[in-house]
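Engineer: Can you make the complete structure from the sequences, with help from the hints?
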Amino acid sequence: MPVITMEDVHHAYLKGTSLETHALQNINLEVSEGEILALAGPTGSGKSTLAMLLNGLLVPTRGRVLINGLDTRQKKYRRELWRQVGLVFQYPEYQFFEENVFKEVAFGPSNMDLTPAEIEQRVTHALKNVGLDPEVVRERSPWSLSGGQRRRVALASILANRPRVLVLDEPTAGIDPAGKRQIFKTIKKLKQDESITVILITHNMDDIASMADRVLVLERGKPFFMGTPAEVFADPPGLRSIGLDVPFAAELKHRLNTNGVPLQTDGLTIDGVEKEINSYLRSKKSVVSSQ
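In my numbering, the protein residues as written are 13 to 303.
Mixed in with the good hints there might be a few duds.
[Said to hold, decoys possible] As a list, the in silico DSS-like pairs of lysine-lysine whose alpha-carbon atoms are at most 27 Å apart: (1) K140 / K192; (2) K197 / K287; (3) K201 / K140; (4) K200 / K140; (5) K87 / K27; (6) K140 / K115; (7) K234 / K27; (8) K203 / K192; (9) K200 / K287; (10) K201 / K115; (11) K27 / K88; (12) K192 / K115; (13) K140 / K203; (14) K115 / K197; (15) K197 / K140.
[To be verified] Simulated restraints, written as ranges between beta carbons of each label pair: (16) Q133 / G255: 42 to 52 Å; (17) D83 / G272: 48 to 58 Å; (18) R91 / S291: 50 to 60 Å.
The hints are simulated quantities; they were obtained by calculation from the structure and are not laboratory data.
Think of the CB as a built atom: it goes at the ideal place given N, C-alpha and C, for glycine as much as any other residue.
Structural biologist: Here is the structure:
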């Protein structure tokens, strides 16, 4: 059974009024355990609305959303959905309110039926999962940490609740390259070690190329394209038509193919394109030498 199922999902804001706006239409989607699905699309395409539908913050105005078989429209499942689906919005550290890192990460578990020892274990495990030493940071104010460290504390505070689905809205916005690398290292580790399903919302196409198993591109609330990163980035003109960029490697591959240089690489990395170009040049040289 898929972890996430969306069946003919529509969502309208201010439904039934003169200001009714259709944020999502005709969304059909299944996401498996341990899969990283990237959501891409221009501003206003419905990405954040889709994210909020996943744990019941919003409910569809038509169709249904199932999380491990639980229907998000059913209020009796709401609390369990909040536990199973962790949402990390942009700049989550702005919502810190506890005096130290331990209390911040422990806030969610402290509101569950857990013993102090269990809470301690969850906090320690969550901090280690995001690459922070619990003994070093536990008594520090979150605001004394670097931007990348604060982002990791925010992620740890969600992981301490033991979600099965993690929804990340621009998780690396505003942090330095080192912090970004650590965040993505953490996401890959969670996928590999704990089979957590990740929904990654980002405008950065290079991040999608390096992280995602599949990509759903939205345009004005409707599915525009769905496939692997290689499949999606094989059509740079189509993506540019809705205001999206493509990774440099994918653009380079597309231009070379268009001009008669057939490359077999998926076009997701510069190294891959470079190897294919060298292979192509060697084959051409071999043909010339044999003549």
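Engineer: Tell me the numbers of any earlier hints that the structure contravenes, in ascending order.
Structural biologist: none
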